[in-house]
Every structure is written in structure tokens, then in C-alpha cells.
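Residue numbers (this note's numbering), protein chains in the order written: chain R, 1 to 385; chain A, 1001 to 1175; chain E, 2001 to 2382; chain U, 3001 to 3189.
Watch out, some of these pointers could steer you wrong.
To be verified - Residues on chain E that point at chain R, a partial pick, calculated with CB under 7 Å: (1) S2061; (2) E2065; (3) V2074; (4) P2077; (5) F2124; (6) D2275.
I should point out that these hints are in silico values taken from the structure, not numbers from a laboratory. None of the values given here were measured: they were computed from a predicted structure. Positions of the beta carbon are idealized from the N, C-alpha and C atoms, including for glycine.
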Amino acid sequence: MRRVAIVGAGITKFYRNAMETPKELAYEATKMALDSCEMKLSDIECVVHGTAPDAFDGIHMKGEYLSDGSGAYRKPYMRHYVGGGTGVLSPIHGWFHVASGMFDTCLVVAEEKMSSAYPHPAGAFLTIFDHTTEQPLYPTLIWIFAIEMNRFMTTWGYKKEDIALVAVKNKRNALDHPSAQLGAEITVKDVLDSEIMAWPVNRLDISPTSDGAAAIVLAAEHVARRVTEKPIWIDGVGWALDTAYWCTRDLYYPDYVEVASRQAYKMAGIKEPSKEIHIAEPYDPFTYKELHHIEGLQLCKRGGSVQMLLDGVTQRTGNLPCCPSGGALGVGNPIAATGLMKVMEIFLQLRGEAGNRQVPGRPTCGLAQAWGDLMQVGTVVVMRS
Amino acid sequence: MEITEKMVAKTATKLSAEEIQKGEILSVKWTPKLRYAWDNGPAIGRYLAELKNGKIIAKKCDKCHRIMIPPRMFCELCWVPTGEWIYVKDTGIVNTWVVSYVDWKAGRLDIKGGVRPFTPAVIEIDGASKGMGILHHLNEVDPWKIYRGMKVKAVWKSPEERAGAITDIKYFKPL
Amino acid sequence: MAKRVAIIGIGTTGFRATTPDVSYRELTYEAAMKAYLDAGIEPKDVGSFVSTAEDFFEGYSIADEYSPDQLGAVLKPIYTVPGDFIHSLASAYMMILSGIGPISVVQGLSKASNMLTLSEMVTFAMDPIYNRPLKESPHSVAGMEMARFLYETGTTREQCAKVVVKNKKNALNNPYAGHSVLIDTDYVLNSQVVSYPLTQMDISPHSDGAVVVVLAEDETAKALSDKPIWIRGIGWCSDTPGLETRNWGQAIYAQIAAEMAYKMAGIHYPRKEIDFAEINDEFSYKELQHLEAMRICKKGEAGPLTEIGGTEITGEFPVNTSGGCIGVGNLYELNGGHKVLEVVRQLRGETGKNQLKNVTTGLAQSWRGIPTTAGTVVILSN
Amino acid sequence: MIVTPSPTLPPLRGRESLPAGRQGWGDGGETMALIERFQKTTDITYWEGQIPMSYIYTVGRAGEKFFRELINGKVLGTKCDACNTIYVPAKIFCEKCFARLEDHYLDVGTKGTVHTFTECYETYEGIRKEKPSIVSVIQIDGTQGYLVHWLGEVDFEKVYIGMPVEAVFKPKKDREGNILDIKYFKPTK
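Construct the complete structure from the given sequences, taking the supplied hints into account.
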């Protein structure tokens, strides 16, 4: 099987409301990604696009609408989609375009413009629930997160003050991220005092809705070695979807993340994830979700994620930094682009090019993970320098 | 190459919602009419019909012996057609719950003005398999007194009001 | 390409205008059950799944949530391609070659009868700033493309009508077809004009249905199936999406996708080396436009060839022996799935009266419909 | 060769051993997909619903420039020198070579020729119109770009591919900075 590396990356600023059209956002990120590795559009053989619900940008068959902005003019172009997990599924989809031997280079683009939805993007989440048995109750996405957070807390006895530390950590990390929308120095008290959205979730527990795009360039080994002297290899991929009947699953533990991470670890030949993974970007749309996913990723024993957080293991200076980028909570959450922003963070950290976000000690093996749908999909990518 | 503030600065232009509303930034409005009539199929069809009769029905998988609600024509774990229809009780226990101050359009409820917050919950229905729950609302209970494992009972609409929908159960209240 | 990939199992529910008695769950489950039995496998053996769904054609704003249960893909690698079925087929093909697992399953579904405001959904795919404010029907895009195609190639409306007559007749012998009828060209020409020169009969009516296909790599395919259908070439391409920048006369997307598939299959003279084809005919003129774009006919030759019956079942290059979209029904995202299904059935000799004699290589081509310029091609042989 | 989990990784807890063993499934002779189906058409039901969303689309960087000039009665395009292509309406990037076109705006005039046209009898909701409208793709003179708009002050029979036309604007005070600021294109004398 051919080895595939990430050779270039680009990202736009993340804003609550951006003026650019979705095409222009995709173009800005793609242009930066191509310039970052001095490749022209003619060097790219195929394009893969990840973007989440069409209900945000308000364009049906959004993949086709975005094809020219993603550099796919008269090229093989395909969109993939697993809700929130799309961002980390993008490099996986691009990976097997190249690993299969069909193509040597692949441009991976992820874009999301949530501000087109009026009056509020949250309204689009009404229709992710079963249209017959759940929608008549007018649920919203925040309910399902709060339901899961409650189950997670009551199972392990976690306290809200401890979980709030995730927001403090990520928003502080985001101060150093150029695209950050909500980098801030906050305290646990700020989080607990922020207005209640759906107990146990407060306002500062949630990542914002954002407009933004990100892009990376993948290349097969022989091309990657010519393009850059620091290619970052995609050594493990894994993704899984659980059943859509989310009320029949015990939400305290993400089985789907465990299955996805096992697939990725097996492929990358990793036996002891908590030791062999040096840096991780678990998906953190909500504060508790980062801890929930750290347990699913086998980076700590079940029920041990809060202790890990309290011991500072997941700080940038800890020995397993989690979300050094600032995560969705700090940088912003344009759904699909968030996942790719996390993959890019690991790409930059492993190359030592993360500026003042750079974690100490040269990490050589990193992992990015995204979550999505009805507490249902886990997508994991393991990368090595 | 490190991604710097300068490189990212010109990639997007920040707007405020007011600028768009006031027309300082040009925009186009559109409200699509996206209407559907989804076929229920035998399982959900029977489920809704039984709700109209004030009953909750589940279906059993003969291989893994799970009694599943809402009923389905095949067991998604064993991937075999499900068999027996089984009526289950309209009581259950709270698996997990929420006290929500926002509605589905992220609009804030006037809690201070005395509006009761939404208290949706996953309720494990008695008679169905362990952990087999449905989403529904809780009411006639102090939102802050709800606890995991609390026993609840369905409050039905009157037979005339019932239309064969999940909302035929108004909410669940403590037993 | 060292390793080869074959289709070892197909399953479908058939295609009818409405399927009121089953929900999308049971529809997909039935197709998956038939495909797995045809391939002799179980969900447990499958390494990866790909489902095909476009949000607004399902009625969910995240449609992939509801795909794993019906395929037995719970806690397994599955994801959704919001594209044509052949896009998903290409994804599964690449996953097998990348070593994700020896067996892969591809699923597609159409529940168009549940869409009450279908025309508005297609309008919702158009550019919101430059095109939608005119509030014209998406069929005007097809009408304008047909006008330019007739102008550039000299094809006549009668020849387009002949396509409709041929496909609706072929569908009569296809048990899976939903819109078969015996009519003559006058009926098509005199039917109500929707967007000149496009008449009501030139537009394929929609149908419901599901298709599941099982792929396997080389040894597994030979082990499991006595008649594996090999994927010799596959190609897909998106041309510029804008109405303001596209070529209105030719189907460039079909040309590029076909060349990609021909290169992979080592085909130089498609007209000779391919025995028959299932080609997108969502609108009558599209069959002719696609034939010319894929070098099966020279420019302006597709119309006359159809007129003399060259593309009939008894003709020199049979096209849409199944009845195509016009005879079976427009299945939106599933159109590619129906084409692949019919090519596999022909190559296996399972199409009854429409069966072509000793065919070895077939081509399935699809297009994602208005207002896209995205096309896919796959070349199969037994 | 069927892939089996490697022995070193501890087996999944909980639901790894999904009870889909080979012996239990599919060996019960002909397995009908569904054990039971509707027997009476009156039992068949469906559930109506909708996706209740509305949208405000900003016109973007290129759109701001294009529509501000449209209010002044000018049509803006952008030129890509590398590909020698002029895009109408203006775009900030060239889709062929991805060059940035933000400082290549130019006024492309309001004249063009009919590239293709149709007489449409249906609204976007699929409802039949009493009076059809003529919709046309108009190639703007001297550019590779088109505009999709109505044709006015002409009978459908008179329209032909290649017919020279020019834009007719709304009165200046009625223009709001969108594509409908152009009323229609009419044949040039």
C-alpha cells in the first residue's frame, strides 16, 4: 500500500458572519494550501470536498456549487459527508484516492458558511432528528449534547467545575491561533456563571457557529519527497457510524470513537495509544466532549479523563497535549472546516511550524479526531512525521 | 511554512448581523418551501396507530431477544427481520434529562418571566429491553428535582385529541 | 492496476412511481438483503460501506445518520457520498485497492415520491445570487441546453422523440421499470411544451427504489462468485458549476469522465470495443448529447443513428435496453445505480426478453441532473 | 482472505461480539426481507413535515463590486491574463488557473448576443404559467462570460441564436443592487 503524506495546508479566518460567498471562502483556503507547497492547480490530479449540512449554506447539492472554488474545474471531484465528522473524514477520503494508486496528488477542501441560515443556524438542527418520532417534539442539537453530558457526568460523578477547565484551556490556546474567533483568557467561574443554555450546558461550554474553510494537499510518497522536505505521513485511518437509534445507546461512552480509533491504530501499528500518541486533537464542540472522546480514543482509562485534565497532562506543556490549536471552542466551529483545522494543527505541530502554539519536545506521532451526527460517528486520523 | 496572522487576515471579511439587516452589505433573501410526506412503513405505521389508541407497542428480535421501541422491521444489530409485536407499559425511568432555557431556534425562554424551561429526557420504557429509551418531555415536576432513575408515567391527550403521533403523549410525569 | 475489483452481488427493489407501503428503511433493507444473498456474504464480512444520499432529497439535514442500520453497518466503516451512485462505487473501488477490506458495499436510494415540492428543491440547487432571483423553473436550463445542442449538432426534435419512444418500449420487457408505455413520436412532439423545445414527454418522470451492490477484490471475488463482473475502468468529472461559465452545447463532463475510464480500461475505439451502454437520459436529448460526448458517435451522428434504429436492442450499438430514466424513472442520486444494475444484469444474461447475445463489455454513464455538470462513467465486463 | 482483528489489541468491550454469527443468519431457507407487510391499503399512512429554514446570502467580495456598479448601470467582469479569459459576472478567482483577479475588474458594456434561449411555461414551483417568459443565456460582447436573463420587447418567434441584444435597466431609483436591476435584454436596433 502506497504511503500518503500531507504536504501543504491553508485556512481562512473564522468569523461568526463572513462577507465572502462559500465559493470565495473555499478559494481562499485552497489558494493558500497550494501556495504553501508551491504547487499549481495543474499539478493536482483530483479534488475531494468535505462540507456538512446543505441546510447551513442554503444551497442544495452544495458539493457541486463549491467545485470551482475548490479547484475542481474539469477534474475528478467528489464530496463526502458524515455530519460533524466530515472534517476528519476529508483526509481519509483523500488518503484512499492516493493510496489506491488511482492518483498521485489530491486536494482536500472543507468549507462551511453557517451564517447564511437565518435567523439562526441552530434551526437547521431540528431536521437531523427522526422526522416522525422526534421532530414533533421540536428538539434542538443543544438538548442532545446536554443529555449526553448529563449521562456522562452522572455515570462517572464528574463535576461541572472540572469539565469547565477544558474551555479555559482551549480558549487560552486559541489566543495564539491566527484564525481564532473566540480566543480568550477566562476562568472556571466565568464558565459556570455564563448563562444556562440547556443545563448542564452553559454558554461558554459551547463552540460558536462560524464561517470558514480549510484545505490540505496530499501527495504519494515519491511526489511528497520532491515537494517538501518535511512530509507528514497519514499512517492510520479509521471511521465508524453507530446506529441511528441514539436513545437505545448508553451515551456515557462513545463506542463509535473506540471502533474508529482501533481501526486507525491497527493500521498504524500502534499498540499503546496513550504512550505512542504524542499529541492529539480530539473534537471539542462542547467542553465535556473533549473528555468523552479522550476516553473513546483509548488515550486514558474509562472515567480517567478529568483526572488527566486536572493533572495538566493535556495542557500544551503536558506529555499528551490535547487541542493545542484551541479546538472548536477557541478557534471556532465551521463544522467541516473544524475537523480539517485539527488535522492541519497536527500537520504543523509535527513539522515544528506551529509558531507560539508549538508544543515542547519534538512530537513525531499525532492524532486528529472528529465526531458527528446523532452522537454517532467517529473519524480518526493518525499522522507521523 | 508557518501560518501567520498576516497570511490569514485577508482571507475573510468580518461582518456584523446588523450590517446585513441594514443593507450596508448587499444580500439576497430566499425561503425555500421544502415539504415532504414520508411513508411510515409497517413498523412506524403500527407504532403511530397504537399511540392513537393510547398504547405503546414494541417489536421483538428473535435472535438477540431485544424488545425494541420504536418498533422496526429488522434488528439493526443482528440484521434479521424482527418478529413478535409486544405491547409495553406507558411508564418508565429517566435515563438522562436536560433543563433547557432555549427553544429549537436558539431563542431564549423568558425564564425570569415565569416560563417553565423545557425538560426533555431519554425515558427507558418499562417492558422494553434495558436501556431501550425514547426522547420525550417531562412535566408536572420541578425541573431541578429530576434525578437519574426517576420513575415516570405518560400523560396522554384525550382520545378525541389523539391523532396518531408521538405528541399523543403530552409528556411524562413522576409516578 | 495490479489488483482487480469485481461486482459479485446486486440487489434491487425495482422502480415504481410510488412505494407507499414501505419506508426508506425497509426499502433499503430489502435491496441489501437481496444483494448479500446474491453475493453469498453477511454484513459481518464487509470491510467498508458507502451510501449515496443528498440531504434535501431525503428530507433530513444530515441524511447519513440513517444509513448504517439498513445495511448492517452498525459500528463499521461507512460514510455517505452526496453524489451519484457511481461516485460511491468509485469510492468503494478505491477503498478496496487501499486495503480497507476485501469486500465493500455500495447503496443508493430514491424516495422521490415523498418530495412534495421537488421542483423547488431543484431550484434550491441553483446559484442564489445570479440565477434563483429570476424564479424560473429549472426545466428552463434543460430547455436552453437542448436548444443549443440542436443548434450546434443539427439534431432534430423528431430524433429526440425517437429516444423517448425507444426507451419507453424497451421498459415494457423490464420487470423493474416503472414508466413503460407504447407510444409514437407524434405523441411526444405534440405533448405539452414545458420549456421550448423541451416537452413534457421529453422529461423522465421520477420513481422510487433502492439498489445495493457488493464489490470484492480479485481472489475473494473469484472465490465467492461464479460470474464476477469486473470493473475495467471508472471515471468521474465535475465541469464548472456556473450557468455563466459552462459550455451549453456539449457534455464536457461526460467526455472527460469517459476518457478517464477508457484510459484505465485500455479502450481506444469505444464504438467497437464496447458492446452496449446504459446512458443518462433524464431528458431525451441528453442520451444523444452523452453518446457524442463519449466518442461513441461523431458530432451530429447520434440523432440519425437513433432514427435508423442503430441504438435499439437489435441495433449495432444498443443503448438503454432497460428503458433508461425515461422508461424506468428518474431516480436522482440513484440514477447511476440503476445503470450499473442493468449493465451487470445484461453481462450476466439475466434480462430476459431484452437480453443481448454474447456481450462482454458494457458502459454505464450517469449525470447528476439540473443544474450540475457532474458526470460519471464505469466500464464493466464479464 | 477475511481480515480478523489482531490478537494483541484487547477485544472490544460490550457490543463487539455482535450476535451476527454465520450459523444464525440467512440459513432459514428463503428469507423474505420483511416478515410482514401492510395487507389493507387503508392501513398505509405517511407523515407530513418540512425543513423550516430561511436564508440571507451575502453577495460576496466580487458581488459587492458587481452589484454596486450594476446600480450605476454598468456590468463588471474580471480578466484573467494567464488564461486570457474575461469572466462575467465578475469573480475574484479564475477557476481554470486559480489566479487572483481582485485587481482586474473591468467594465464589459451592456451589449451581447443570444447564446441560447427558451420559452418557459413553468414557474420554479413547477406550476404552469398563463403567459410564458423568454429566458436566455446572453454572451456579453468581447468576453467569454454569460448572463442568464429574460428577453423583452420581442416575440419568441423572432428570437434567434446570435441575435444582438442589450440590457434594459430599471429606473435608477428602483435599483437595489441585485440581478433584477436589469429588467431584461432587448434586441439592439
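Verification of the supplied hints:
Look at S2061 of chain E: its Cβ gets to within about 4 Å of chain R, closer than 7 Å, so that hint holds up. Nearest Cβ of chain R to the Cβ of E2065 of chain E: about 4 Å, under the 7 Å cut. The hint holds. Checking V2074 of chain E against chain R by beta carbon gives a least distance of about 5 Å; that is within 7 Å, so the hint holds. Here the hint on P2077 of chain E is kept, as its CB sits about 5 Å from the closest CB of chain R, short of 7 Å.
For F2124 of chain E, the suggested interface contact is upheld, since its CB lies about 4 Å from the closest CB of chain R, less than 7 Å. Interface hint at D2275 of chain E: violated, since its Cβ lies 25 Å from the closest Cβ of chain R, which is beyond the 7 Å cut-off.
Checked against the numbered hints above, the structure violates only hint 6.
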